[in-house]
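> These are the residues of each chain, in order.
There are 2 protein chains.
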Amino acid sequence: MSEKGLIVVISAPSGTGKGTVIKKVRKRHDGFEFSVSVTTRARREGEEEAVDYFYVSEDSFKQMIDNDELIEWVRYCGNYYGTPRKYVEDCCDSGRDVFLDIEVEGALNIKKKYPDSVHIFMLPPSLWELKRRISKRGTETEQDIERRIEKALSELLYLKEYDYVFFNTDVDESVENVLTILRSEKMKVGRNLNILNKIEGLKGE
Amino acid sequence: MSEKGLIVVISAPSGTGKGTVIKKVRKRHDGFEFSVSVTTRARREGEEEAVDYFYVSEDSFKQMIDNDELIEWVRYCGNYYGTPRKYVEDCCDSGRDVFLDIEVEGALNIKKKYPDSVHIFMLPPSLWELKRRISKRGTETEQDIERRIEKALSELLYLKEYDYVFFNTDVDESVENVLTILRSEKMKVGRNLNILNKIEGLKGE
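Going down the list, the protein sequences come from chains A and B. Using the working numbering, read the first sequence as starting at 27 and increasing by one per residue. Using the working numbering, read the second sequence as starting at 27 and increasing by one per residue.
Take the hints with a grain of salt, since some may be wrong.
Just so you know, same-sequence chains aren't split out, so a pair can sit in one copy or run between any two.
[Stated by the list, open to error] List of simulated lysine-lysine pairs, BS3-like, C-alpha gap at most 25 Å:
1. LYS88 with LYS50
2. LYS112 with LYS138
3. LYS88 with LYS137
4. LYS50 with LYS139
5. LYS88 with LYS162
6. LYS186 with LYS137
Hints were generated in silico from the structure; no laboratory data involved. Computed from a predicted model, the values in this text were never measured in an experiment.
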């Protein structure tokens, strides 16, 4: 019923399987847009411009900050990452939900600027499973793995800043969880105050 | 994931078709209990003790108020109506959701005492449809009908005190809406703080 699109942030510690869930949610939910972030980090093999990121120079990024073109940005491991304002706001205004795949810090900034945004935290089924998934990639050293797990645990402490939480034990169940949250959020009274205006009108009839 | 049961209040102007929706929700959702109110009004034909209401004398009702046995009560058209505390709290504590079918004023009192309770407002498809449904009963005079519509409209103004709102255009869709809201509410971070404690524990491992 809600006429404005939702800003939806889904965060999850690396290794939780968020990518797969997001892909399936986008297939199931029409009109669910995906905000592509801007970054100064180098493009990795297999990544595509405007699909994975918009790749820009540090100067361009700083210019975007100065022009207030980013709704949030963070510096992480020496690189900048940010969310372009125009795309997100255009989606919302035209009633399309827009999905932001960002770090916990960035998520906090979004909540401050858009208190109506919906924040979902997806958890790995267990710490054991998280370790297994991170190790399984096989591309990282023992030390890298330890560092990633440490980081995942520290991110979990941001959980209380989110609105919803669930364990990703089954991909289809997780997709259903995200869709359930979206449907429910659209019935929130705060998102449907236009109804109240109509009722006020009826009183006089 | 949430371990405590939810207190769910569903309100709707008379004539919205709430009764049918509630019956179907109870059939679909296991462990959904229904709180039976206490009243001092006389039992009507077809009503059953402990199913429709617990029928008590005014003295008994006042005694219940004094003993703090009611979580809310109102006086309405010369009769008292109240919600017994024990049943509601027993349900929640044992993880069963409990459903309260109460007037807008009583609902407000519940929200104050149980800020975590979930409040749903069901609307008739249109004012025209509401008039049609109220008139269709055929048991009321023209004046009664006008009075009921006036009352329905004034109840609608309480809408902003509720959490969720939807139009009852199709019974099955409305049942699905209620169930969606319940599933989504159970994923609220505030209802799953036990997870946070577990994470704090993991940090030290």
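> With reference to the structure, classify each hint as holding or not holding.
Here is what the structure says about each hint:
For a Cα distance limit of 25 Å, the shortest separation of LYS88 from LYS50 qualifies neither inside one copy, at 34 Å, nor across copies, at 57 Å. In this assembly of identical chains, LYS112 and LYS138 lie within 25 Å of each other by CA distance solely inside one copy; the values are 18 Å within and 40 Å between copies. Proximity of LYS88 to LYS137 under the C-alpha cut-off of 25 Å is restricted to the intra-copy arrangement: shortest distance 22 Å within a copy versus 47 Å between copies. For the homomeric pair LYS50 and LYS139, neither the shortest alpha-carbon distance inside one copy (28 Å) nor that between copies (40 Å) is at most 25 Å.
Neither within a single protomer nor between protomers do LYS88 and LYS162 lie at most 25 Å apart by alpha-carbon distance, with minima of 37 Å and 67 Å respectively. For the identical chains of this complex, LYS186 and LYS137 are neighbours both inside a copy (12 Å) and across copies (22 Å), given an alpha-carbon limit of 25 Å.
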